[in-house]
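*Asks:* These are the residues of each chain, in order.
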Amino acid sequence: MNVLQENEFIYNFVYVTLDKFILIARVLMALGVLVYLLYSIFHNTREDRADYRKVLFKIAFTFIALVTYKWWTVEIATLIIGIAKNLDAGNLSNIYKVIGNAFKSRSGIETSLIKPDVMMMELIYWLLLMACLFFVKAATLIFELIQFFIQAILWLLGPIAIVISLFPNFKDAWVRWFNNFVAVAFWSVIYIILVAFFNNLMAQEFEQLLAANASLNLTFDSPIIVIELLVYTVVFFVSIVFIPWYTSIIIPGQNLGGMASMIGAGSLMMVSKVIAPIARKLQKTSMSQKTNIPIK
Amino acid sequence: MKRVLIILLMVFAPHVIAQLPDPGNAVIIAKLKAIIAQNQIRNMQLRKQLVEALRTTKTAINTFKELKQFHEYQKRVLRDIKSLDKLNLLNTNYLESFILNGDRLDFYLNSTSRKFMDDLYKTSRLSRSGNDLLEAFLKDESGSEFNKMDDQEMLAFIRQLDTESSIARMYNVKDMDKMFAIFLEQAKELRDLANDSSVDMTPAERAKLLVIANEMILKGHEYQVKAQQEMQEFNQDILGRVYQRRQNENLGSAILEYSKFETSVQKKLGFFDSDLIRRENIK
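Chains A and B are the protein sequences, given in the same order.
So for the first sequence, my numbering puts the first residue at 1; every next one is plus one.
So for the second sequence, my numbering puts the first residue at 1; every next one is plus one.
Just so you know, the hints here were simulated from the structure itself, not pulled from any lab data.
You may find that some hints are simply not true.
Said to hold, decoys possible - On the chain A side, residues computed to face chain B include the following (Cβ under 10 Å):
#  : residue
1  : Asn2
2  : Glu6
3  : Val14
4  : Thr17
5  : Tyr36
6  : Leu37
7  : Ser40
8  : Thr73
9  : Glu75
10 : Lys85
11 : Asp88
12 : Gln147
13 : Ala152
Stated by the list, open to error - Derived lysine to any residue pairs resembling SDA-like cross-links, with alpha carbons at most 25 Å apart:
#  : chain 1 : residue 1 : chain 2 : residue 2
14 : A       : Lys85     : B       : Asn281
15 : B       : Lys219    : B       : Met44
16 : A       : Lys70     : A       : Tyr15
17 : B       : Lys260    : A       : Lys171
18 : A       : Lys85     : B       : Leu276
19 : B       : Lys65     : B       : Asn110
20 : B       : Lys260    : A       : Leu129
21 : B       : Lys260    : A       : Leu4
22 : B       : Lys260    : A       : Ala138
23 : B       : Lys260    : A       : Gly82
24 : A       : Lys137    : A       : Leu157
25 : B       : Lys260    : A       : Ile41
26 : B       : Lys260    : A       : Leu194
27 : B       : Lys260    : A       : Tyr15
28 : B       : Lys260    : A       : Ile81
29 : A       : Lys70     : B       : Arg279
30 : B       : Lys260    : A       : Asn2
31 : B       : Lys260    : A       : Gln204
32 : A       : Lys20     : B       : Gln186
33 : B       : Lys226    : B       : Gln186
34 : A       : Lys85     : B       : Glu280
35 : A       : Lys137    : B       : Lys65
36 : B       : Lys75     : B       : Asp119
37 : B       : Lys260    : A       : Leu87
38 : A       : Lys137    : B       : Gln247
39 : A       : Lys85     : B       : Gln266
40 : A       : Lys85     : A       : Leu145
For each residue, glycine too, the CB sits at the ideal point set by N, CA and C.
Starting from the given sequences, assemble the full structure and let the hints guide the process.
*Replies:* What follows is the structure, encoded as structure tokens:
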């Protein structure tokens, strides 16, 4: 899937949209600072009332994070990629090598012309092998596509997640976004380890097949090996596609589905919490006007 | 002698033969047919045995060759060790040769290295000749080159393809050709007899002989046609096998090339593993 990584259009598009999102985030930042200050002033309970050093620190921290956003995100992501590439033991090409050699060794061996049942067996056997390859390739393709686009979308949403954390009830937004960002980068580490593990397993099976092929005992031993191979490939497929689920065990708090619901619920809560005190005061003033009681 | 016997039969037997029933329905002929059928089955069994024997002999020959090769190498190594024992560096001639050739393996293991190089050359030549044969055969799609081959060349070619059953089939074709030749000879003899004026025969008998000769020729022709058909099928089979072999080799090499391509291209992981990502330096 190096086609996506070499596509200039996608990267240009992402950069342009990221610049736009950062502009929006700057505007939101000004609003957020105001809301944050208001919230810290008008909050009812004394325990939650903000310490002003804390407030200033948070505002300064978000500002710096927004300004240096393009730098630190790329650094973290590339660091995790470096870890993954150090663990890279081998590619899936070992399987291709074994199959290629099998094809070459099969040339000139005649079995199929006399026995139709053997011919059928061979046909099924090669079809199953091709199915194995297809499954392995499909799993890697699906995984790489998902990872690429989720990572891009997360990177675009980052500045807004940072700025939104200034608003009340969105305190977790930045942390959650960061968890997701690290977890999605961490998928590739688990992916590399799993691929190396299954590559070894499958290469062993393929070598057994090659030996059976050379000694012409192909029809009697091969079905068991091929069934084993199929089981391995199905397990490989499932384990690769469910990598996001494993990372949710390792890195708690990353939940891509929860992000949207959190934003929806949080915005409602924020509206109610920010507007409610103001509304209450407005109500009091209106009541005082009606009863002509002066406000202290 | 044969002719005399036939003449005697023709002179004395006609009256006896005329009173006999139709020989086509005779018990003896039916028995003969059964015997011939049995023989054919036996021939088939023999062919199968031949194929098995070929297979076993192949393995036996291979093991024998390996053992022989091993023995020869052993002998040569022993010879080399003996020559090394005799090496006396105090002798100036030996010393000179040691100084000149001391860094070469040939100097220490002279005969073994020579044997090894010989074997290498032989194997390379064998493989080359096999490839040449295949290419020469594949140039003609109709397999006319195959028909031009001698019997030994053809056998060698088929053995290269590892097809024992095809050898058995070829023997079958050869048998059919032989049958055709036998029928033709018999027909010729009968015709000569019919045209021979020195023999005393009625014209009806001569006509009968000619008719029998013609029938024999027709039968022989049938066998010839069968043999030709078998040969054509055989050629097609061989061609198909060669085609399949080449296809397999091509597929295998294609898959290997793909694997090479996969190893050469470094895998990219995710969105950030790209050259198009701009890394910013903050000082």
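*Asks:* Now tell me, hint by hint, if it's right for this structure.
*Replies:* How the hints compare with the structure:
For Asn2(A), the interface hint holds, the least distance from its beta-carbon to any beta-carbon of chain B being 5 Å, beneath 10 Å. Given hint, Glu6(A) at the interface with chain B, holds; its Cβ is 7 Å from that chain's nearest Cβ, closer than 10 Å. Because the smallest distance between the Cβ of Val14(A) and any Cβ of chain B comes to about 8 Å, under 10 Å, the interface hint for this residue holds. Checking Thr17(A) against chain B: minimum C-beta separation of about 13 Å lies over 10 Å; hint violated.
Nearest Cβ of chain B to the Cβ of Tyr36(A): about 26 Å, over the 10 Å cut. The hint is violated. The restraint placing Leu37(A) at the interface with chain B is violated, with a minimum CB-CB distance near 29 Å, outside the 10 Å limit. Given the 10 Å rule on beta carbons, the hint for Ser40(A) is violated: about 31 Å separates it from the nearest Cβ of chain B. For Thr73(A), the interface hint holds, the least distance from its beta-carbon to any beta-carbon of chain B being 8 Å, beneath 10 Å.
Checking Glu75(A) against chain B: minimum C-beta separation of about 8 Å stays under 10 Å; hint holds. Given the 10 Å rule on beta carbons, the hint for Lys85(A) holds: about 7 Å separates it from the nearest Cβ of chain B. Hint status for Asp88(A): holds, given a least beta-carbon distance of 7 Å to chain B, under 10 Å. With a least beta-carbon distance of about 5 Å to chain B, the hint placing Gln147(A) at the interface is held under the 10 Å criterion.
At a threshold of 10 Å, the smallest CB-CB gap from Ala152(A) to chain B is about 5 Å, leaving the interface hint in force. Restraint check for Lys85(A) and Asn281(B): satisfied, since their Cα atoms lie roughly 23 Å apart, inside the 25 Å limit. Between Lys219(B) and Met44(B) the CA atoms are separated by roughly 22 Å; this keeps the pair inside 25 Å, and the hint holds. A distance of roughly 10 Å separates the Cα atoms of Lys70(A) and Tyr15(A); the hinted pair therefore holds under the 25 Å criterion.
Annotation: proposed proximity of Lys260(B) to Lys171(A) is violated, straight-line Cα distance about 51 Å (limit 25 Å). Straight-line distance between C-alpha atoms of Lys85(A) and Leu276(B) comes to about 19 Å, which keeps the hinted pair within the 25 Å bound. A C-alpha spacing of about 23 Å is found between Lys65(B) and Asn110(B), which places the hinted pair at or below 25 Å, so the restraint holds. At most 25 Å may separate the alpha-carbon atoms for a hinted pair to count; Lys260(B) and Leu129(A) meet this at roughly 20 Å.
Restraint check for Lys260(B) and Leu4(A): the C-alpha separation of about 21 Å stays at or below 25 Å, so the hint holds. Only pairs whose Cα atoms come within 25 Å are accepted, and Lys260(B) paired with Ala138(A) is accepted, the gap being roughly 20 Å. Proposed proximity of Lys260(B) and Gly82(A) is supported: the alpha carbons are some 24 Å apart, at most 25 Å. With a CA separation close to 31 Å, the supplied pair Lys137(A) and Leu157(A) exceeds the 25 Å bound.
Taking the CA atoms of Lys260(B) and Ile41(A), the gap is near 67 Å; set against the 25 Å cutoff, the hint is violated. Our distance criterion of 25 Å between C-alpha atoms is met by Lys260(B) and Leu194(A), whose separation comes to about 22 Å. This hinted pair does not check out: Lys260(B) and Tyr15(A) have alpha carbons roughly 35 Å apart, beyond 25 Å. Between Lys260(B) and Ile81(A) the alpha-carbon distance is near 24 Å, which keeps this suggested pair within the 25 Å criterion.
Taken as a hint, the Lys70(A) and Arg279(B) pair is honoured in the structure, with Cα atoms around 8 Å apart against an allowance of 25 Å. Restraint check for Lys260(B) and Asn2(A): satisfied, since their Cα atoms lie roughly 16 Å apart, inside the 25 Å limit. Taken as a hint, the Lys260(B) and Gln204(A) pair is honoured in the structure, with Cα atoms around 20 Å apart against an allowance of 25 Å. A hinted pair counts as satisfied when its Cα atoms are at most 25 Å apart, and Lys20(A) with Gln186(B) does not qualify at roughly 103 Å.
Taking the CA atoms of Lys226(B) and Gln186(B), the gap is near 20 Å; set against the 25 Å cutoff, the hint holds. For the suggested pair Lys85(A) and Glu280(B), the alpha carbons sit about 22 Å apart, so the restraint of at most 25 Å is met. The hinted pair formed by Lys137(A) and Lys65(B) fails the criterion: a straight-line CA distance of about 46 Å is larger than 25 Å. About 16 Å separates the Cα atoms of Lys75(B) and Asp119(B), which keeps this hinted pair within 25 Å; it holds.
Taken as a hint, the Lys260(B) and Leu87(A) pair is honoured in the structure, with Cα atoms around 21 Å apart against an allowance of 25 Å. For the suggested pair Lys137(A) and Gln247(B), the alpha carbons sit about 24 Å apart, so the restraint of at most 25 Å is met. For the suggested pair Lys85(A) and Gln266(B), the alpha carbons sit about 10 Å apart, so the restraint of at most 25 Å is met. Among the hinted pairs, Lys85(A) with Leu145(A) is consistent with the structure: their alpha-carbon atoms are about 18 Å apart, no more than 25 Å.
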